[in-house]
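Model the full assembly from the supplied sequences, consistent with the hints where possible.
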Amino acid sequence: MPTDSKPTIFINPAKCIGCRQCEIACAVEHSQSKDLFSAIFEDPLPLPRIHILPMGAYNVPMNCRHCDGAPCVEVCPTGALYHDEDGAVMITPEKCIGCKMCAIVCPFGIPEFEALNGVMFKCDLCPDRRVEGKLPACVEACKTGALQFGTIDEIVSNVRKETAERIIRLKEGTYEEEYNGWDLFRSMYAEIIRINEGESK
Amino acid sequence: MKKYKEVSIDSTTQRMYERAQEMGIETVWERLEKQQPQCGYGLLGVCCRNCMMGPCRINPFGGEPRRGVCGADADTIVARNLLRMIAAGAAAHSDHGRHVALTLLIAAEMAEKFKKEGKPVLELDNMASNVLPYQVRDVEKLKAVAKRLGIETEGKTIRELAREVAEVALHDFGKQDEEALAFLKAYLNPKTYEIFEKAPEKAGMPWFENGILPRGIDREIVESLHRTHIGTDHDPVSILLHGLKTSLGDAWGGSLIATELQDILFGTPQVIKAEANLGVLKEDYVNIVVHGHEPVLSEKIVEAAQDPELLELAEKLGAKGINVVGMCCTGLEVLMRHGIPIAGNFLQQEMAIVTGAVEAMVVDVQCIMPATVDVARCFHTKIIDTSPLATFPGAIHIKFDERRADEIAREIVRTAVENFPNRSKQRVEIPKEKMAGYVGFSVEAILKHFGGSLKPLEEAIVEGKIKGVAGLVGCNNPKIKQDHNHIKIANELMKRDVLLIGTGCWATAAMKYGIFLPEYVDTENVGPGLREFAKEWGIPPALNMGSCVDCTRMLVLADLIARDLNVPISALPVVGSAPEAMTEKAVSIGTYFVASGITTHLGIVPPVLGGPKVVKILTQDLYDIVGAAFIVEPDPYKAAKLMYDHIMKKRKELGI
Chain A
1 MPTDSKPTIF INPAKCIGCR QCEIACAVEH SQSKDLFSAI FEDPLPLPRI HILPMGAYNV
61 PMNCRHCDGA PCVEVCPTGA LYHDEDGAVM ITPEKCIGCK MCAIVCPFGI PEFEALNGVM
121 FKCDLCPDRR VEGKLPACVE ACKTGALQFG TIDEIVSNVR KETAERIIRL KEGTYEEEYN
181 GWDLFRSMYA EIIRINEGES K
Chain B
1001 MKKYKEVSID STTQRMYERA QEMGIETVWE RLEKQQPQCG YGLLGVCCRN CMMGPCRINP
1061 FGGEPRRGVC GADADTIVAR NLLRMIAAGA AAHSDHGRHV ALTLLIAAEM AEKFKKEGKP
1121 VLELDNMASN VLPYQVRDVE KLKAVAKRLG IETEGKTIRE LAREVAEVAL HDFGKQDEEA
1181 LAFLKAYLNP KTYEIFEKAP EKAGMPWFEN GILPRGIDRE IVESLHRTHI GTDHDPVSIL
1241 LHGLKTSLGD AWGGSLIATE LQDILFGTPQ VIKAEANLGV LKEDYVNIVV HGHEPVLSEK
1301 IVEAAQDPEL LELAEKLGAK GINVVGMCCT GLEVLMRHGI PIAGNFLQQE MAIVTGAVEA
1361 MVVDVQCIMP ATVDVARCFH TKIIDTSPLA TFPGAIHIKF DERRADEIAR EIVRTAVENF
1421 PNRSKQRVEI PKEKMAGYVG FSVEAILKHF GGSLKPLEEA IVEGKIKGVA GLVGCNNPKI
1481 KQDHNHIKIA NELMKRDVLL IGTGCWATAA MKYGIFLPEY VDTENVGPGL REFAKEWGIP
1541 PALNMGSCVD CTRMLVLADL IARDLNVPIS ALPVVGSAPE AMTEKAVSIG TYFVASGITT
1601 HLGIVPPVLG GPKVVKILTQ DLYDIVGAAF IVEPDPYKAA KLMYDHIMKK RKELGI
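So the sequence lines, in the order shown, correspond to chains A and B.
Numbering follows our numbering, in which position 176 of the first sequence is assigned residue number 176; successive positions increment by one, without gaps.
Our numbering runs 1000 ahead of the 1-based position in the second sequence.
Since the hints were derived computationally from the structure, they do not count as laboratory data.
Glycine included, every Cβ here is placed at the ideal spot set by N, Cα and C.
Heads up, some of the hints might be wrong.
To be verified - If the Cβ cut is set under 10 Å, some of the chain A residues that face chain B in the computed set are:
1. Ile24
2. Ala25
3. Ser31
4. Leu36
5. Ala39
6. Ile40
7. Phe41
8. Asp86
9. Gly87
10. Ala137
11. Glu140
12. Ala141
If you want it as structure tokens, here you go:
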């Protein structure tokens, strides 16, 4: 029995290499032309709804979690924020009065203020792409698997499987560190130590 | 996975791509798909990896970061990256030119040595001895080039002249004085020369040394890398001016040397009929594909394939003979000079192997996908790499050496022949389609065809029978359906009575669709004026001028017309286009076309859009600086219209 049929974007900082391709893809998806080469000439410039936060050796992709019982939806005084039929948290710009309450209550600091129109904006799970059955733009752009789209069941079972495989590889001694995200840094340092100790591969 | 019809308009490519899919072989189109979406910073050119404080990138949507760690903004980064592309393209062409110059020098030295040793060889003074691996095949051209360079030809033997020409060429690569290149001075008309001198003044940078006249081919490339080093040149204008200079070192230096000296060594192309497309591979023959860019090796392969001993071996092993075919620009070199059929352009290199009928693909340098080795693993095909500077993991290395060229070429052909019994006959499928066409339109051949001068062509242009000339250039890019834009732009221009000249993968594309047949003028794709002119002179509506390094043939042709009309090249109703550009060489070619005064269209958006100032310079300001600029337009119909409009504008300015 599925616990949740609503898919969302899952983030895996261990796999994020900080290319910020998701930011570009997001901005392009939220432009008028939906074409990179035209989008950068648009006025106003389209803005990304996902941000990569560099935290030391790690990169953390931050985007809307589209919470069930989202605090932003609950506090919105005008009803500009709502859940659509797919469960995504959406904003109707026409109803938004720019009070920023959603930003105050969001535990992740997601909703942003667009000064030009005095309204809030945030990740909307790419409604145009959802209609076409495509992945959200940021997920499609992510080449390392740091961003994944699916239901909690799918993701959790994948994580479980990957971890199980890793345990087996560790046990068999064939586990090699992944050259991704913080693993990239860890493995770089491991390699330097190996070289210094004269044990280069 | 893509449908086969989406990847190409060429039916042989379509069928072989389908076959690759059936066999589960990954090709260029799958690899492109796996790269999607491609990095937006890279596509816009706003990613800088020139120092280790980086990599840095600029937010193209106006937010932070607006500057790299060093403080470079988007325009500086974009201009620097573009300059590096130009430098790499110029380096590739020019290194090719150097290789040819060195070969000419080696040939002259060997002839001298043989003479001294008193070897009984025929006509050594003409270097037409069959003992030498390389000879001077076109004595007339050697004399003509020497004359242009101001070398005294009277009373000198051919080998002395060959040595002197080679030395002037080699001097141009490494010279350190402030003079412009000897080849540039010898070939460029004075009015355009003046524009080159004054370009920096017009760009508001009078302190720029020597205008945009290149001083040393290598020097300008090295200076490009110096300028783009962290903390050196940050003004997009001066960075781009140096880009023009570097590309001109390629145009009127490296590439020109390659073309001219190749003609001296291997013969100047003359009009000849030949065939193109994968259908030129033969079922019962040992098929050898020569692929890459340099004829120094492939000329010898062609010779070795006629060796009676090897032919006998081929027959003994069950083959009817040895069939050498070309691919990419190496293919065009042997096509132009010997009528050796060409199997295809860039995107057909994997497809040729997928036929299962190729015994060996012999590669030298440039545009050879490392993936050929992977595809070849699915068949008996051997990839043989020959250049010390292009090694392919998984390929057989047979290092080429000019001094032992005949011996090595025979070894390569023997390796292919001996591989014939490994061919699995039931896994062979060769598409039948091939097309004939007339090729070999070197400047000399064109002059000869028009009775010794370009008058007929110039008159037709002045009368308006022909509206202008468009030079179409090279490359396939899997981002565009193979050959689609090449053919559409060609047809749209010919419909408007524009005579086409072209090189590289464009030329192979055009040949595959019959555009190089005189009969093509009777199709609806050719306008009445061009039809009349082509019929009068018995030429196809488009002329194949050779490989991509031979783009200089187009420059020399434009230069001749400019001299006749006493105007700079930029005044002529001439345009350039690279409809499916892919390489850094194409960036260099496009830049030197523009710098020389030929407004040039690009069908693929180059990685510059992230720098608005750079875009403005390239598409607008260059008109004031050198009299030509870039047009970027992915739609072939719109592009042809823009190019035609430019031609008409130039006609109006000339008062014709």
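A quick look at each hint next to the structure:
no., hint, in the structure
1, Ile24, "holds, 3 Å"
2, Ala25, "holds, 6 Å"
3, Ser31, "holds, 9 Å"
4, Leu36, "holds, 5 Å"
5, Ala39, "holds, 8 Å"
6, Ile40, "holds, 5 Å"
7, Phe41, "holds, 8 Å"
8, Asp86, "violated, 23 Å"
9, Gly87, "violated, 26 Å"
10, Ala137, "holds, 8 Å"
11, Glu140, "holds, 6 Å"
12, Ala141, "holds, 5 Å"
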